[in-house]
Amino acid sequence: MSDIGRLELSGRVDERFMIGDDMIVTIVSISGNLVRLEFEAPKSINVVREKLYNRGVREIKPGLRGNR
267 MSDIGRLELS GRVDERFMIG DDMIVTIVSI SGNLVRLEFE APKSINVVRE
317 KLYNRGVREI KPGLRGNR
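So the sequence shown is numbered by my numbering: it starts at 267 and just counts up by one.
Some clues are possibly wrong.
[As the list claims (entries may be wrong)] So the derived label-pair ranges between C-beta atoms look like this: (1) Asn299 x Asp269: 27 to 33 Å; (2) Arg282 x Ser310: 16 to 22 Å; (3) Ser276 x Val323: 15 to 21 Å; (4) Val323 x Leu303: 16 to 22 Å; (5) Asn312 x Thr292: 25 to 31 Å; (6) Glu304 x Glu274: 26 to 32 Å; (7) Asp269 x Gly298: 33 to 39 Å; (8) Glu274 x Val294: 16 to 22 Å; (9) Lys317 x Glu274: 18 to 24 Å.
Hints are computed from structural coordinates only; laboratory data are not their basis.
Note that the structure is predicted; figures quoted are calculated from it, not measured.
All residues carry an ideal CB built from backbone N, CA and C; glycine is no exception.
Use the sequences and the hints to build the structure in full.
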């Protein structure tokens, strides 16, 4: 995976970050060391926590995907 880059960003609540042309990450809230993020992406892109991915969960089942 040597072709993967890394970028560290900081931001404020309601700030949005683009990933490519079709994914947006929004900082929803910050409380202490807890940061809530919202991901807007095409349904063909699975967004899963790394710890779940490493346990074998490769996609979110219907009904578990958050809708805001």
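Right, here's what the structure says about each hint:
1. For the pair Asn299 and Asp269, the beta carbons lie near 31 Å from each other, so the given range of 27 to 33 Å is met.
2. Checked against the hint of 16 to 22 Å, the pair Arg282 and Ser310 passes, with Cβ atoms roughly 21 Å apart.
3. For the hinted restraint 15 to 21 Å between Ser276 and Val323, the CB-CB distance of approximately 29 Å leaves it violated.
4. Judged by the Cβ atoms, the range 16 to 22 Å given for Val323 and Leu303 holds: they are separated by roughly 18 Å.
5. A beta carbon spacing of about 18 Å between Asn312 and Thr292 contradicts the range 25 to 31 Å that was offered as a hint.
6. For the hinted restraint 26 to 32 Å between Glu304 and Glu274, the CB-CB distance of approximately 19 Å leaves it violated.
7. Against the hinted window of 33 to 39 Å, the Cβ-Cβ separation of Asp269 and Gly298 comes to about 35 Å, which satisfies the hint.
8. Checked against the hint of 16 to 22 Å, the pair Glu274 and Val294 passes, with Cβ atoms roughly 19 Å apart.
9. For the pair Lys317 and Glu274, the supplied restraint of 18 to 24 Å holds, since their beta-carbon distance comes to about 20 Å.
Violated hints for the displayed structure, listed by number in ascending order: 3, 5 and 6.
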